[in-house]
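Q: In terms of UniProt numbering, the sequence shown opens at residue 1 and continues consecutively.
Just so you know, the hints here were simulated from the structure itself, not pulled from any lab data.
Even for Gly, the Cβ is constructed at its ideal location relative to N, Cα and C.
Hints should not be assumed to be uniformly reliable.
To be verified - In silico lysine to any residue, SDA-like type, Cα no more than 25 angstroms apart, as pairs: (1) K100 to D73; (2) K113 to T151; (3) K49 to I87; (4) K159 to H144; (5) K38 to E83; (6) K113 to Q66; (7) K49 to E83; (8) K134 to T151; (9) K49 to W146; (10) K113 to H144; (11) K100 to H144; (12) K100 to T151; (13) K36 to E83; (14) K159 to Y172; (15) K113 to K100.
What the hints assert, rightly or not - Pairwise CB distance ranges, derived in the manner of DEER restraints: (16) W146 to I87: 28 to 38 angstroms; (17) T71 to K134: 19 to 29 angstroms; (18) F136 to G67: 35 to 45 angstroms; (19) Q96 to F50: 37 to 47 angstroms; (20) D103 to F50: 33 to 43 angstroms; (21) T43 to S173: 37 to 47 angstroms; (22) I87 to N148: 20 to 30 angstroms.
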Amino acid sequence: MLSLFFCLCVLLSSTSFIQAEGTEPLNDFECELLSKPKRIDVTVETGSKFLGGTNDAISLLLRDSQGVVCTADDLNNVGDDHEKNSIDKYAVCCPQDFAKTNDSLSMLIIGHKRGYYKGGGDDWFIERIEVHRKDFLLFTYRFHAWTNPRTTTIFGVSKVTSSHSDNAEPSYSFIRL
């Protein structure tokens, strides 16, 4: 009877949706103390695929349309980040000149570093990433893809410019390194 209850709990927990807010985002004053006075909010959504989450270290590199770069070495809140069906939110402190205009980002690169536990890294099913500056959406991209730190440690998207584009929406090209 106890094993039936345990199996039912595992089944129910694997189908629920996790909203992982983590810690409160850094405020602007904390970013100024780090000599990176601009706060950018990043939302990372992990997909619902079986074993889609990871405990590996996830890093981020953002480049705006003017070529200014902002990095986050480890997107990690208190608790489990990047779990299956989770939406994790992070505050990243960037240089003052980052994203001065309302242009979309020109590049977003994600680093997926293997874990230190025995057996290496976890595959990760990344669904979507959004980047905001205050209330303005700088970037959104739906990856809907598996990553494997044993074969692909760096991936992302680069903005594709087109001289004959009629709409204001940017298009991006997927990168795997």
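Q: Next pair to validate is K134 with T151; report whether the Cα-Cα distance is within 25 angstroms.
A: violated, 36 angstroms
Q: Given the hint that K113 pairs with H144, does the C-alpha gap stay at or below 25 angstroms?
A: holds, 19 angstroms
Q: Taking the Cβ atom of D103 and the Cβ atom of F50, is their distance within the range 33 to 43 angstroms?
A: Hint holds: Cβ distance 38 angstroms, inside 33 to 43 angstroms.
Q: For the pair we were handed, K100 and H144, check the Cα-Cα distance against 25 angstroms.
A: Given pair K100, H144 is violated - Cα atoms ~29 angstroms apart, limit 25 angstroms.
Q: Would the pair K49 and E83 pass a check requiring their Cα atoms to be no farther apart than 25 angstroms?
A: holds, 10 angstroms
Q: Is K49 within 25 angstroms of W146, Cα to Cα?
A: holds, 9 angstroms
Q: Please work out if K113 and K100 have their alpha carbons no farther apart than 25 angstroms.
A: Between K113 and K100 the Cα gap is close to 30 angstroms, so the pair fails against 25 angstroms, i.e. violated.
Q: Holds or violated: the 20 to 30 angstroms window for the beta-carbon distance between I87 and N148?
A: holds, 22 angstroms
Q: When you take the CB atoms of F136 and G67, is the distance between them in 35 to 45 angstroms?
A: At roughly 19 angstroms between Cβ atoms, G67 and F136 fall outside 35 to 45 angstroms, so the hint is violated.
Q: Please work out if K100 and T151 have their alpha carbons no farther apart than 25 angstroms.
A: Distance of about 36 angstroms is beyond 25 angstroms: violated.
Q: Measure nothing beyond the straight line between the CA atoms of K38 and E83; if it is 25 angstroms or shorter, mark the hint as holding.
A: violated, 28 angstroms
Q: Does K49 pair with I87 here, judged by a C-alpha cut-off of 25 angstroms?
A: holds, 14 angstroms
The structure does not agree with the numbered hints 5, 6, 8, 11, 12, 13, 15, 16, 18 and 21 stated previously, though it agrees with the rest.
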